[in-house]
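J.: Chain residues, written in single-letter form:
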Amino acid sequence: MSLFRIFVNQLEEDDEDMSQATSKKVITREEWEKKLNAVKLRKEDMNTLVMNFLVTEGYVEAAEKFQRESGTKPEIDLATITDRMAVKKAVQNGNVEDAIEKVNDLNPEILDTNPELFFHLQQQRLIELIRQGRTEEALEFAQEELAPRGEENQAFLEELEKTVALLVFEDASTCPVKELLDISHRLKTASEVNAAILTSQSHEKDPKLPSLLKMLIWAQNQLDEKAVYPHINDLSTGQLEDPSV
Amino acid sequence: MNNSYFLHKFRHSSKPYYAMEDDEEGEEESPTELNTINGLTNFVIISPDKLSLKYTGVAQHGHDVGVVQSNKPAPCKRLAYYFEIYVKDAGVKGRVAIGFTTDSFRIARQPGWEVNTCGYHGEDGLIYLGKRQGEAFGPTYTTGDTVGGGINYDSQEFFFTVNGTLVGTVSKYIKGPLFPTVAVHSQNEEVTVNFGQEKFAFDFKGYQASERNKQQIEFDMMSIPPNICHGLVKNYLLHYGYEDTLHAFDLATKSIVCPINGAVEDNIDVQDTSYALHERKIFRQLIGKGDIDAALAKLRDCYPQLVQNDKSEVCFLLHCQKFIELVRIGALEEAVKYGRVELAKFIGLTAFKDIIEDCFALLVYERPQESTVGYFLAESQREVVADAVNAAILSTSPNTKDQSSHSRLETLLRQLTAGGLEMRSLNDGQGEVFSLHQLLMNNSNRKRTKKTG
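Residue numbers (the UniProt record's numbering), protein chains in the order written: chain A, 1 to 245; chain B, 1 to 453.
So here's chain B without its partners, still in its complex pose (with noise of 0.2 Å):
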């Protein structure tokens, strides 16, 4: 472990989004409507508020399709993009399209057509997939239908949908960034496209969900054995000195945890051990009390290798941390002596100069819980505090296994994030990835949504 983590941690993991760099669904830019400047609209004439086209053209021959990108690529960093289109008026011939092509496209064709192109006709409910000769797919369609294309990043997948129903689905065969595109073909035609503002006439939500729950279809298969999840609980407890948890916890499971394997048992045992853990259950305590004094005399007493050097880490951390409690109570003038006294001398190293000031900074504000650095006033700072203390005494276990930096769960955690960030990159960074923080919302907010429903 290196020694930057407590001290990264400290920086900003109590600020609102830490982890959620992940969420890129937020981040990644969206179709929101059509694109006016890319020399496509010579035949259509494109509404104000530019979610609507109409034909302009005569329709003599395939060069004059009235054909319009969005304004944005579909963003793939999730589990599928969908829009939709409503026929207002399908014209003399009712040359309605719908599909994705990319930012290369620049000819007046059907979408589907021309190669890297992908189109769903209403004329003759073909799918063209880059060539003038079209598959049976879906039901034709006309004035007064809703069709939607969508892209499913999962199984690497066009869908389209007629009406509220997916009629069919083909490979997609298309790299890169992909933008929905619509197109007109005849006199009168005109269409109105909706990118999320207005409700879908398709259940794109549930469509989303079913997808997920193939994958829970090929869990249900699998078993885990319930002694793994014991064992990580208890090793959880066990790391993070959590004492009193971890013996009701041996309580409650004494009886369950039939030990199926005697030997498997006692590896579980061996790697546990209990080092300190009542000593660093009384230091989370008081770190969590916020009596920093407190901790850093007990520290002093009991474990004066790791205040020999003044300039550790965990020095650094504490005395920060009593700098905060200081600024909390609204002792200002009692804090700028500590902090000269006590933090002055970590100036020199940059590891620790940016958290100084960050915490300096509280002191410039009236209310400083309400400032742009309140978040270091919250109580899952005192949270990190008592994690590198706890680190800190685990270090100097004679065990060399205690030394692990992370509890054995955080550690499988780690590897499920990092091969899901991993598939996806392989996968030309299409697709939804794991992120433990987006699962747990998830879990709250559909719970919400269950009561009152």
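So that you can see chain A by itself, here it is in the shape it has in the complex (with noise of 0.2 Å):
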């Protein structure tokens, strides 16, 4: 190719990219950064979307020095919340048959109207049995207690199936399931049942905080197609960063 049509090749390119680039609106920092400080926010509000994170996680004593701390009134009484961290707690620490009969003295509708939850806490107590090598008493815990539910769904009968699968293996970390033994599978479990009793609260079983995050997210997808604008990449530092026009 001669230099000169490679000249010309690279010229409309450029002048492909300048089409492009000029249909969206183009935002300069400082622009978008004078937009940023017009927003009006007001610190009551964070200060209730940080309460509502609390809250909603069960840190009481946090939210009860918040609540000092700042004057922000907790959305729920914070009794009830120690109530249902205990219960998290006791899933946290492997304590299963605990964290079952605390559901009940709380809420006893709350297991009754949520099978899946049940199975998921009865399969956690399995996996706890498999754990301490307590291998007879697995086996019984799942033929009288996870069996009878294997049958009625499928979906639970697969992870039945999964759970016993643990016991094939001497050396538990060469299974091929074994997540189930790791310690956020309990933190899952123990996630599964917070959001249950604040159901059955009336409240909201999600803090805001991260559908904030996630609108953000989405909102900056959005703009991308009609703007050029510096962009907050990384939620963790919350830098702007400019545009890589």
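Treat each hint with caution, since some may be false.
To be verified - Straight-line C-alpha distance at most 27 Å; calculated BS3-like pairs for lysine-lysine:
1) B:K172 / A:K25
2) B:K77 / A:K24
3) B:K298 / A:K43
4) B:K172 / A:K226
5) A:K205 / B:K77
6) A:K214 / B:K234
7) B:K50 / B:K205
8) A:K40 / B:K77
9) B:K77 / B:K214
10) B:K353 / A:K34
11) A:K43 / B:K15
12) B:K254 / A:K89
13) A:K188 / A:K178
14) B:K289 / A:K25
15) A:K40 / B:K172
16) A:K73 / B:K15
17) B:K234 / A:K205
18) A:K35 / A:K25
19) A:K24 / B:K175
20) A:K24 / B:K353
21) B:K234 / A:K208
22) B:K289 / A:K43
23) A:K208 / B:K15
24) A:K214 / B:K175
25) A:K34 / B:K15
What the hints assert, rightly or not - Covered by chain A, according to a simulated footprint, are these stretches of chain B (three or more residues, beta-carbon under 8 Å):
26) 218–229
27) 243–250
28) 378–389
29) 405–418
30) 421–430
31) 433–439
These are computed hints drawn from the structure, not numbers from a lab. None of these values were measured; they are calculated from a predicted model. Ideal Cβ placement from N, Cα and C applies to all residues, glycine included.
With the hints as a guide, dock the two chains, each given alone in a separate frame, to form the complex.
T.: See below:
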């Protein structure tokens, strides 16, 4: 290809890039920062957001202290949180039987109306028995409590089979379903119980803060279609990054 | 951060409608009745309450349509707009139509026939989008039917309903403010309009909720690592000096936050230093109790550099708050004396002058808390001062990272809000925007109805 041709091609390419860039509104960093500074946020609202997080996640002491230090009122009675947290903690520590008892003390309807939750709690109980090496007990428990549930529900049966597979391997770390033994599985179950209790108390089961972060990601994606402007790409730093035009 | 940030907050943020400036739903005009003065009403007679119309023409051709617009255009700074008509009498030919037109519409023709108009016609159930030829759309409608027309600013669509059921949507091809429009075109045709003064047959609230939920489904597919939220809350508590809360929070989350990536944890620690955390907490406590004298004394002790310039913003706000505290306990003479000694020197500076005037206005009222400047006595004023002192102390930190004017949470919220506003302005000013305040208000309202329901 002659140099001239290459040059013309390059110009044409540049032209294309230009028209692509100019079809979107370009907002400079300075302009964007001005818009950011013009936003009015009430401190009160941000406090409420933080309190909502503390309360929904169940951090009672932190919520109490926050009420005292900031004057923000928690949206639900802190006493109900203590009960809920006791259940959550029990599951996190692997004391599932204890957790089930506590949930029923709190509100027997929760487990009655939540067969999936109940199954997951029983499953966690089985996992703990296996973890402790109480194989005979585990098998008995699986047969008596979990197998009947599995018969009623295909999904439960699959979960049950996965869990029992843990027994096959002497060294659990080689088992393909070893993530069931992971602490994160306890946390998952704990989270499920937490959500069910909150729902039964007519409280939203999720804190608002994560949805706002998702909204931010979504909003930036939407705006990208129409404008070029500084982004926040890393939520953990909140740093404004200039658009890569 | 510019100097006037806290001054602005001190002056305005305790007002009841602060940060509601984005609540344009209340500010925007909305249709309330039929328009009787724009010269379109040659072939109709409009009822005295301006909510009904009846055809009076002869219906000999296509230019004697009895078409009427609403008095105001549909508001657009919201998710959607909706109105309904009730066909009282479909008359001889049943040529009722409902739709939207612009303010340049001045011809006695059916909505939808002219360009930049849209109409759903009862006679044939077709939708007309600026052409004489209509497209199949929904059922025909006649006497006794309630037909609704709406605009969804999010999806940029028109939608129509018949007797409470959505019958179809079509792309909104018209720009600019749109007027709800009704038409009648045969003897005895009579229609009543409902701009929201009566309950709608269609569950408009439910429709809006389900539209908002569509977004929710996308969100449910995203996941945010729990570390991020914990980090943001921790940074918030550190930034504002909520020391006790922070310690309780750290304790509670120690076992939960599994350091997925050790480096990430370190990063967070490096950014969130706890410079003067204990001092800042003490200051917040003192100011929160209204003990300004103690706060000033401690400031002189621990951070003399901040009070060296006695015309600094921090000094001003503390003195103002002291003045307010004196008014609060009714020590008016002392307040005046204090004002003369400490506040007079600020009068020359315009930024401060307005606030001083507002504060002094408190003296005039027997019951200042009930006056128009009563909001200065709100607890939130103390909080503004505490935040200002907090920021001032942070500014003395050798670590430049501490001097960021906002907590990371606030930075993200600002980006979200600004992004939403920009999107709306690029969408011809149409649609809903994110407002933290609205979100939190809606949540508490929803909970209230849930409990009684």
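J.: Give a verdict on every hint.
T.: A quick look at each hint next to the structure:
no., hint, in the structure
1, B:K172 / A:K25, "23 Å, holds"
2, B:K77 / A:K24, "22 Å, holds"
3, B:K298 / A:K43, "25 Å, holds"
4, B:K172 / A:K226, "19 Å, holds"
5, A:K205 / B:K77, "30 Å, violated"
6, A:K214 / B:K234, "19 Å, holds"
7, B:K50 / B:K205, "25 Å, holds"
8, A:K40 / B:K77, "18 Å, holds"
9, B:K77 / B:K214, "19 Å, holds"
10, B:K353 / A:K34, "25 Å, holds"
11, A:K43 / B:K15, "13 Å, holds"
12, B:K254 / A:K89, "13 Å, holds"
13, A:K188 / A:K178, "15 Å, holds"
14, B:K289 / A:K25, "49 Å, violated"
15, A:K40 / B:K172, "32 Å, violated"
16, A:K73 / B:K15, "20 Å, holds"
17, B:K234 / A:K205, "21 Å, holds"
18, A:K35 / A:K25, "15 Å, holds"
19, A:K24 / B:K175, "19 Å, holds"
20, A:K24 / B:K353, "43 Å, violated"
21, B:K234 / A:K208, "16 Å, holds"
22, B:K289 / A:K43, "18 Å, holds"
23, A:K208 / B:K15, "25 Å, holds"
24, A:K214 / B:K175, "31 Å, violated"
25, A:K34 / B:K15, "23 Å, holds"
26, 218–229, "holds (count 7)"
27, 243–250, "holds (count 6)"
28, 378–389, "holds (count 5)"
29, 405–418, "holds (count 12)"
30, 421–430, "holds (count 4)"
31, 433–439, "holds (count 4)"
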